[in-house]
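**Q** Chains as they are written, first to last, in my numbering: chain A, 17 to 411; chain B, 323 to 725.
It should be emphasised that the hints constitute simulated quantities derived from the structure, not laboratory data.
Be aware that one or more of the hints could be misleading.
[What the hints assert, rightly or not] Taking lysine-lysine pairs in the DSSO-like style, the calculated list, with each CA pair at most 30 Å apart, reads:
#  : chain 1 : residue 1 : chain 2 : residue 2
1  : B       : 417       : B       : 455
2  : B       : 455       : A       : 230
3  : B       : 340       : A       : 265
4  : B       : 652       : B       : 455
5  : B       : 594       : A       : 235
6  : A       : 386       : B       : 681
7  : B       : 594       : B       : 646
8  : A       : 354       : B       : 646
9  : B       : 417       : A       : 211
10 : A       : 354       : B       : 453
11 : B       : 681       : A       : 399
12 : A       : 386       : B       : 340
13 : B       : 646       : A       : 265
14 : A       : 354       : B       : 455
15 : B       : 484       : B       : 386
16 : A       : 354       : B       : 340
17 : B       : 609       : B       : 387
18 : B       : 681       : A       : 231
19 : B       : 484       : B       : 455
20 : A       : 66        : A       : 399
[Unchecked claim] Chain A side only, calculated, beta carbon under 7 Å to chain B, not exhaustive:
#  : residue
21 : 257
22 : 353
23 : 368
24 : 369
25 : 373
26 : 376
27 : 378
28 : 379
29 : 383
30 : 411
Note that the Cβ used here is the ideal one computed from N, Cα and C, for glycine as well.
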Amino acid sequence: MPIRVLMFGWELPPFNSGGLGVACDGLSTALAQQNIDLTFVLPHRFPINKGGFRLVFADDQPSDWSNQSPYLHPTSSPAAYIRDLLLSVRRYARNARRIAAENPHDLIHAHDWLCFPAGISAGQVSDRPLVSHIHATEYDRSGGSGADPIVYSLEKQGLDEADAVIAVSNFTKRLLTTHYFQPASKVNVVHNGIKTEEFGFESPSGTDILDPLKKAGYKVVLYVGRLTMSKAPDNFIRAAARVLEYQPKTVFLLAGSGEMESQVISLAARLGISDKVLFAGFIRGTLLHQVFRTADLFIMPSVSEPFGLTALEAVASGTPALISRQSGVSEALSHVLKVDFWDIDEMVNQIVSVLSHPPLHDALQANGRKEVKGVSWAAAAAKTIEIYKKVLRKN
Amino acid sequence: MSALCLYFQVHQPYRVRKYRIFDIGRSHEYFSDSSPRLSNKTILNKVSEKCYLPTNNTLLRLLKKHPQFKISFSLSGVLLDQLQEFAPAVLDSFKKLVGTGRAEILCETYFHSLSFIYSPVEFTRQVNLHKAKIKSVFGLTPLVFRNTELIYSNSLAERIAKLRFKAVLAEGADNILGWRSPNYLYHPPGHPKLKLLLKNYRLSDDIAFRFSDKSWSQYPLTAPKFASWVNAVNGGGDIVNLFMDYETFGEHQWADTGIFEFMDHLPGEILKHQDNYFVTPSQAADKLPSRGELDVPFYVSWADVERDLSAWTGNPMQDDALSKLYALEKLVLRTKDSELIADWRRLQTSDHFYYMCTKWFSDGDVHKYFNPYDSPYEAFISFMNVLSDLKLRLSTKISKSEN
Numbered sequence: 017m018p019i020r021v022l023m024f025g026w027e028l029p030p031f032n033s034g035g036l037g038v039a040c041d042g043l044s045t046a047l048a049q050q051n052i053d054l055t056f057v058l059p060h061r062f063p064i065n066k067g068g069f070r071l072v073f074a075d076d077q078p079s080d081w082s083n084q085s086p087y088l089h090p091t092s093s094p095a096a097y098i099r100d101l102l103l104s105v106r107r108y109a110r111n112a113r114r115i116a117a118e119n120p121h122d123l124i125h126a127h128d129w130l131c132f133p134a135g136i137s138a139g140q141v142s143d144r145p146l147v148s149h150i151h152a153t154e155y156d157r158s159g160g161s162g163a164d165p166i167v168y169s170l171e172k173q174g175l176d177e178a179d180a181v182i183a184v185s186n187f188t189k190r191l192l193t194t195h196y197f198q199p200a201s202k203v204n205v206v207h208n209g210i211k212t213e214e215f216g217f218e219s220p221s222g223t224d225i226l227d228p229l230k231k232a233g234y235k236v237v238l239y240v241g242r243l244t245m246s247k248a249p250d251n252f253i254r255a256a257a258r259v260l261e262y263q264p265k266t267v268f269l270l271a272g273s274g275e276m277e278s279q280v281i282s283l284a285a286r287l288g289i290s291d292k293v294l295f296a297g298f299i300r301g302t303l304l305h306q307v308f309r310t311a312d313l314f315i316m317p318s319v320s321e322p323f324g325l326t327a328l329e330a331v332a333s334g335t336p337a338l339i340s341r342q343s344g345v346s347e348a349l350s351h352v353l354k355v356d357f358w359d360i361d362e363m364v365n366q367i368v369s370v371l372s373h374p375p376l377h378d379a380l381q382a383n384g385r386k387e388v389k390g391v392s393w394a395a396a397a398a399k400t401i402e403i404y405k406k407v408l409r410k411n
Numbered sequence: 323m324s325a326l327c328l329y330f331q332v333h334q335p336y337r338v339r340k341y342r343i344f345d346i347g348r349s350h351e352y353f354s355d356s357s358p359r360l361s362n363k364t365i366l367n368k369v370s371e372k373c374y375l376p377t378n379n380t381l382l383r384l385l386k387k388h389p390q391f392k393i394s395f396s397l398s399g400v401l402l403d404q405l406q407e408f409a410p411a412v413l414d415s416f417k418k419l420v421g422t423g424r425a426e427i428l429c430e431t432y433f434h435s436l437s438f439i440y441s442p443v444e445f446t447r448q449v450n451l452h453k454a455k456i457k458s459v460f461g462l463t464p465l466v467f468r469n470t471e472l473i474y475s476n477s478l479a480e481r482i483a484k485l486r487f488k489a490v491l492a493e494g495a496d497n498i499l500g501w502r503s504p505n506y507l508y509h510p511p512g513h514p515k516l517k518l519l520l521k522n523y524r525l526s527d528d529i530a531f532r533f534s535d536k537s538w539s540q541y542p543l544t545a546p547k548f549a550s551w552v553n554a555v556n557g558g559g560d561i562v563n564l565f566m567d568y569e570t571f572g573e574h575q576w577a578d579t580g581i582f583e584f585m586d587h588l589p590g591e592i593l594k595h596q597d598n599y600f601v602t603p604s605q606a607a608d609k610l611p612s613r614g615e616l617d618v619p620f621y622v623s624w625a626d627v628e629r630d631l632s633a634w635t636g637n638p639m640q641d642d643a644l645s646k647l648y649a650l651e652k653l654v655l656r657t658k659d660s661e662l663i664a665d666w667r668r669l670q671t672s673d674h675f676y677y678m679c680t681k682w683f684s685d686g687d688v689h690k691y692f693n694p695y696d697s698p699y700e701a702f703i704s705f706m707n708v709l710s711d712l713k714l715r716l717s718t719k720i721s722k723s724e725n
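Generate coordinates for the entire structure from the input sequences, incorporating the hints supplied.
**A** Pasting the structure below:
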């Protein structure tokens with residue numbers, strides 16, 4: 017008898033703004049392949065179809081999706097934005113009661129604070145155990161200060177009421193035990209995985225947008241992620257300015273948008289390197305894959321990164337990665353360069369070295385691609401199923 | 323009759339400090355780092371305290387107690403330099419051992435380098451430098467050679483024969499021995515007078531690697547048990563060669579594993595069997611006949627399960643670093659600048675390339691344990707930055723001499 021899981025998520029690709037949707041998709045697909053009877057709930061109707069598991073839309077109204085993602089550039093003031101978001105979260109929780117009654121299940125699995133109220137309401141109806149999955153906390157998003165108290169309390173409640181907690185890294189687990197007061201024994205670490213086949217290395221599709229630059233002998237250093245404080249795009253620019261003293265034929269490409277965009281642009285101007293910094297905005301799909309493949313080095317300078325899926329994507333694309341030690345993904349990868357986020361000197365040292373020594377690039381590329389194959393969603397799903405079984409035995 | 327030959331390798335490299343691009347052209351101090359993992363002085367003092375001093379004391383006591391007991395060492399030139407600089411008392415205790423007349427000192431490349439593979443001419447220079455160093459420190463001329471990490475092949479034997487050594491040490495690897503036993507002496511093709519001593523890797527590694535392994539079926543290893551294994555060779559061999567890193571005692575196998583007690587009892591247990599006796603490598607070469615020619619057309623070493631060169635060469639970083647380093651040979655030597663030449667040679671020490679090995683990096687095994695850098699990539703980065711600075715010094719020197 018397969019375990020029946022009612023899973024509450026917020027987004028799925030291609031209607032996603034960041035890692036949460038990608039992770040939910042990867043994990044759900046792998047769980048279904050390992051004989052989990054999965055019902056995946058989304059807050060609104062999206063025109064998508066998924067193989068392997070059932071999709072349920074909590075609200076039949078099609079969503080104005082771009083306004084409902086906490087990870088996109090807010091269109092209104094932060095306070096108004098959070099208020100709108102909270103309304104959606106509460107509506108999702110109300111609808112969850114009906115969904116719980118209509119869809120028989122053995123346990124509930126909810127992803128991040130946006131879905132915790134839904135998970136809790138569903139549990140009140142079915143009296144089944146709750147697994148709360150943390151992909152990112154308000155603590156990460158706010159860079160450690162100025163956390164939104166309402167969001168924090170929803171996170172805390174979701175964790176407190178859970179029968180088991182899944183954290184995407186030991187890095188996040190430490191955060192949950194220190195800042196959310198969760199007992200360590202309750203928090204299980206399940207690293208994210210990657211669908212390596214989607215980041216084909218040999219299959220260049222279409223003309224590369226960066227081809228002219230590469231042909232002119234430029235190296236490309238890449239940043240992918242929201243332009244937000246916790247991801248430190250400003251440090252990327254500061255490092256860039258110093259790398260250019262050693263390697264003037266380098267371009268620094270930022271793929272992503274966010275509230276720090278204008279700040280980052282003016283920083284580049286102030287440092288006199290605007291001509292070497294390119295802003296691609298938020299990109300996805302084929303274009304993103306191309307950019308990954310073309311880059312000579314990917315950098316994730318985050319101050320606080322619960323996991324950091326983009327690092328896996330870079331390495332799977334055959335791009336060496338330099339990642340912050342303050343990230344979850346640094347626990348899963350050995351064949352990458354690692355640096356403390358505050359150590360811009362060391363960042364510059366390593367970037368220049370990769371650009372100057374092709375054998376270093378090649379060794380990181382070859383070993384990284386081999387290693388990343390082992391960081392799979394199948395492994396993540398297998399660990400998750402062990403947690404399901406443990407919770408069900410206790411209940 | 324079965325002879326027992328003990329040889330201990332004593333070596334510490336000059337580890338390259340954390341050297342960043344900003345240091346290029348500004349600092350020519352390559353080997354002095356203050357961090358505990360990279361400070362050569364700190365490491366040497368730690369190893370001296372845990373291994374060299376207590377083991378030397380144990381051996382000195384044993385030599386006094388058992389007049390038939392004999393041992394041999396190979397001390398790299400860079401280790402001797404560091405002892406002179408940081409730990410003269412340790413050097414004195416090695417001199418005391420040699421003073422007994424029953425501790426033979428072997429010859430190797432001064433810089434514990436891979437020079438034989440990359441520049442046979444430089445190799446010969448380093449062998450002669452080491453010979454001279456041994457002469458000046460211990461007052462004797464070594465007669466037996468052992469190459470870095472027991473790297474060996476026919477072509478090495480060829481060169482060693484030309485340099486008039488009487489014997490050379492090598493790994494008793496299965497792929498060169500085939501059905502033959504490591505417990506006899508052999509000779510390389512074309513050089514019947516050069517004796518080849520082969521490491522009995524099973525018995526050697528029982529001490530060096532498995533001694534404290536609780537999952538090993540023979541755990542715990544005692545001196546009587548080990549002596550019985552040596553006795554079992556009697557009749558099936560002329561010699562048992564136990565070759566290992568000296569750091570086995572107290573550093574790889576900590577004191578609390580009982581390794582010192584084991585060593586304390588070993589000579590007595592071995593000598594209980596009347597047919598057993600101890601030899602040094604040169605005595606073995608004098609006394610025992612070669613039992614046949616051993617053809618080794620490719621390199622073998624004592625490293626890893628592969629017992630080949632793949633711990634130091636073969637990945638793109640190692641090959642790049644090695645080829646760029648040796649490409650400077652002629653220019654560096656032509657400067658006659660002793661500091662520049664010494665730095666270039668210290669960079670040849672095999673450990674630098676071992677640190678760049680990615681073979682087992684993710685498994686967290688012995689390579690990781692012995693790597694003072696966070697990753698093979700960081701080892702490569704510091705090394706290549708240093709090499710850039712060395713090149714800069716070189717070109718300044720050359721342009722000065724041309725003007």
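**Q** Please go over all the hints and tell whether each is borne out by the structure.
**A** Each hint, compared with the structure:
no. : hint           : result
1   : B/417 to B/455 : holds (13 Å)
2   : B/455 to A/230 : violated (53 Å)
3   : B/340 to A/265 : holds (26 Å)
4   : B/652 to B/455 : holds (23 Å)
5   : B/594 to A/235 : violated (70 Å)
6   : A/386 to B/681 : holds (12 Å)
7   : B/594 to B/646 : violated (54 Å)
8   : A/354 to B/646 : holds (26 Å)
9   : B/417 to A/211 : violated (62 Å)
10  : A/354 to B/453 : violated (43 Å)
11  : B/681 to A/399 : holds (27 Å)
12  : A/386 to B/340 : holds (28 Å)
13  : B/646 to A/265 : holds (23 Å)
14  : A/354 to B/455 : violated (41 Å)
15  : B/484 to B/386 : violated (37 Å)
16  : A/354 to B/340 : holds (14 Å)
17  : B/609 to B/387 : holds (24 Å)
18  : B/681 to A/231 : violated (34 Å)
19  : B/484 to B/455 : holds (20 Å)
20  : A/66 to A/399  : holds (22 Å)
21  : 257            : violated (14 Å)
22  : 353            : holds (6 Å)
23  : 368            : holds (5 Å)
24  : 369            : holds (4 Å)
25  : 373            : holds (6 Å)
26  : 376            : holds (6 Å)
27  : 378            : holds (5 Å)
28  : 379            : holds (5 Å)
29  : 383            : holds (5 Å)
30  : 411            : violated (37 Å)
Consistency note: the structure conflicts with the earlier hints numbered 2, 5, 7, 9, 10, 14, 15, 18, 21 and 30.
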